[in-house]
Amino acid sequence: MLIHALKQIGRLSLEILSSMGRALRLLSSALIRRPDHRNIPLVIRQIYQLGVLSILIIVCSGFAIGAVLALQGYTQLVRVGSESALGLGVALVLVMEIGPVVSALLFAGRAGSAVTAEIGLMKATEQLASMEMIGVDPITRIIAPRFWGGFIVLPLLALMFSVVGIWAGSLVAVDWLGVYSGSFWSVMEQGVNFFDHVIKGIIKSIVFGFVVIWISLYQGYDSLPTSEGLSTATTNTVVFSSVWILVLDFFLTLMMFEL
Amino acid sequence: MQSLKIEVLVGVFLLLSLLCLGFLAVKVSGFSLGKSNDRYLLYAHFEQVGGLTVRSKVAISGVEIGQVLAIEYDQKTMNAKVTLEIDSSISSMPIDSTASILTEGLLGSKYISISLGAEDQALSGGDEIFDTQSAVILEELIGKFLIEQF
Numbered sequence: 001m002l003i004h005a006l007k008q009i010g011r012l013s014l015e016i017l018s019s020m021g022r023a024l025r026l027l028s029s030a031l032i033r034r035p036d037h038r039n040i041p042l043v044i045r046q047i048y049q050l051g052v053l054s055i056l057i058i059v060c061s062g063f064a065i066g067a068v069l070a071l072q073g074y075t076q077l078v079r080v081g082s083e084s085a086l087g088l089g090v091a092l093v094l095v096m097e098i099g100p101v102v103s104a105l106l107f108a109g110r111a112g113s114a115v116t117a118e119i120g121l122m123k124a125t126e127q128l129a130s131m132e133m134i135g136v137d138p139i140t141r142i143i144a145p146r147f148w149g150g151f152i153v154l155p156l157l158a159l160m161f162s163v164v165g166i167w168a169g170s171l172v173a174v175d176w177l178g179v180y181s182g183s184f185w186s187v188m189e190q191g192v193n194f195f196d197h198v199i200k201g202i203i204k205s206i207v208f209g210f211v212v213i214w215i216s217l218y219q220g221y222d223s224l225p226t227s228e229g230l231s232t233a234t235t236n237t238v239v240f241s242s243v244w245i246l247v248l249d250f251f252l253t254l255m256m257f258e259l
Numbered sequence: 260m261q262s263l264k265i266e267v268l269v270g271v272f273l274l275l276s277l278l279c280l281g282f283l284a285v286k287v288s289g290f291s292l293g294k295s296n297d298r299y300l301l302y303a304h305f306e307q308v309g310g311l312t313v314r315s316k317v318a319i320s321g322v323e324i325g326q327v328l329a330i331e332y333d334q335k336t337m338n339a340k341v342t343l344e345i346d347s348s349i350s351s352m353p354i355d356s357t358a359s360i361l362t363e364g365l366l367g368s369k370y371i372s373i374s375l376g377a378e379d380q381a382l383s384g385g386d387e388i389f390d391t392q393s394a395v396i397l398e399e400l401i402g403k404f405l406i407e408q409f
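Taken in order, these protein sequences are the chains called A and B.
For the first sequence, position 248 matches number 248 in the numbering used here, and the numbering has no gaps at all.
Count along the second sequence from 1, then add 259; that gives the number in the numbering used here.
Bound-form chain B, shown alone (with noise of 0.2 Å):
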């Protein structure tokens, strides 16, 4: 009886003790498994990334559709290569939609925002997203507008 008692217990706490890992992983850490099975990748080449980094977001009209999946320096069009992972569910973008690196609130983090364009084909999987802009460094703003004033 004593013996059957601390095997429940001990099974009690290994399983609250998985029950914690979970709330960890899903409510506190927002992890979810099988996300990046249904996606396709864009393409989209920026002067300047300013802070973007990757597993930043991908947004339309401020909805996350995607993340960043990569970053890197492109040797042939000598500016940064960035490559969005897009929920598969978004499947109508038009091909002259327009990629523009921005920043949630005045200090927030940046994220990629994409505006539609009007043509009727849609973007599919690994092309590329040519209308770009590029992220705003506060830095040069600043530097620009003292050179015009003095």
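In isolation and in its complexed conformation, chain A is listed as follows (with noise of 0.2 Å):
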């Protein structure tokens, strides 16, 4: 009984600890090639696939949350009369957390389970296998171009993110809820700070584009060549993905905002 148990903490830890070294396997050898410019058209439609597609859902959810958190805001902060306080509140929420966060999530689900999708399908379809034999290094072809296609593409969809929730809020607070506009911006102005916050965000949707876009690739090439290990595989993208953006996001913000 005892033996039995053991077994299985063994048997598991085995098996996390090699998926992982799996995972640092496909990422190293995505990363460490000769650069080569006849990648760039690949990279290229990457960047359609994973970014261009993926404006209007980030785009709509930003103006959505931007919105409410105008709402959300205005409510509390009229009751102590300080609603001029309301543009920084919602311009420092959205550069420093939601922007990143919210983007993220959206990103690994719309982009990353698409691309664990599409590479667990090629495994299956034995794509894949047939590349190696016609002597097409899928790492080179298939994996590298959607590694650097979703990295470049999370940090810039995050802060069309933030912008169009600060847009969004603007119109709430000013145009419908009344707010002194001059208030709103030079408030919002006076207390963002470039370096302090809008790069420190930046950073945390660099980290996330990264871990994202890796989990992704990572679960369709390593995915079970059936259809049951298919929508296995895209599942844990976005429960993995989803989790990490979130456990990152508190130790990123412990890292960088020093108390």
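These are calculated hints, taken from the structure and not from any lab test.
Bear in mind that the values here come from a model prediction, so they are computed numbers and not experimental data.
Where a beta carbon is used, it is the ideal one built from N, C-alpha and C, also for glycine.
Fair warning: there could be bad hints in the mix.
To be verified - With the C-beta cut set under 7 Å, the calculated list includes, among others, these residues of chain A facing chain B:
#1 G51
#2 L53
#3 L56
#4 C60
#5 S61
#6 F63
#7 L156
#8 L159
#9 V163
#10 M188
#11 E189
#12 V192
#13 V198
Grab the two chains, each in its own frame, and use the hints to assemble them into the complex.
Laid out in structure tokens, this is it:
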């Protein structure tokens, strides 16, 4: 009985370790390649797939969240008569937290799962194997462009998310609730610092982009070549990405915004 | 044709996101380059700086003319030494001007207000403002008030 339990623990930890190893090997082999200018069109294609096609969901969500932040903030701030700080509140929350985190979550759901499904299906239908057979390296041809595409795209999407959110916040606060637009923007401008807040938000989304696209690629590349394996892999991408984003967000905040 | 369309859309996407960065930098965080080029430094000693922080504003008649560059404890004079960075377009402040630490509103942030003196000679880079008024600490005021009461 005890031996059995120990065996289970041992097997589980070995599995976790070996999958971590495979993930690292995939990442390092995708990164450590001789750069090839012929692959740039592939990266551009991925920026289109992962970035341009995600703009709609990012803009819609950013708009909704910015509007909600302004509404919620207004109802609280107006009680202490400091609704002029609303712009500052909306901008800080969006730039430092919600922008990077929510856009990464959306990116994991919209683009990460697509990458996993695509690569998993390529594997299941043995396209990756046949590529190798004809002497084309699937890592350089398939994995690396997707990695760079996702890595480049997420910080840009997060920037868009924040800007659209702030704009929506100003629509709700200034045009609808009647907060004075001068104080809305000037308090924001005074309170938000480019290096302290904006850059740190961008660093967060760079880390998230790296983690999400890595998880997506690995889950697809490592999936079982069955329909069940594919569905597990896609689910894992979204679940692992989301959990990692939120956990990393806490530690990044702890590290960057000194207490 | 297809790849041209994709490339154009990717280009638009990249430009848009750069515009967003620009918006965040200029409109949201008030970031501007080359601001510190045409500025000169002044020094002032205060007994008590209260809640004054680096990058607090420096103002004449409420108009911002510079910012606080550094606050440090001066071992020789045994009080706080504040370095002010003043816009070089403000060039004719008399040397007997007064620097005082005030609060914006009741609960606002601290800033330095300069009231102009009457001398002909003007302050220039590296000079010190001798006449200073420290920050008012609300707790100290309340403490004094209570002592006077009893």
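Status of each hint after checking the structure:
no.	hint	result
1	G51	6 Å, holds
2	L53	9 Å, violated
3	L56	12 Å, violated
4	C60	15 Å, violated
5	S61	15 Å, violated
6	F63	14 Å, violated
7	L156	3 Å, holds
8	L159	4 Å, holds
9	V163	4 Å, holds
10	M188	6 Å, holds
11	E189	4 Å, holds
12	V192	4 Å, holds
13	V198	5 Å, holds
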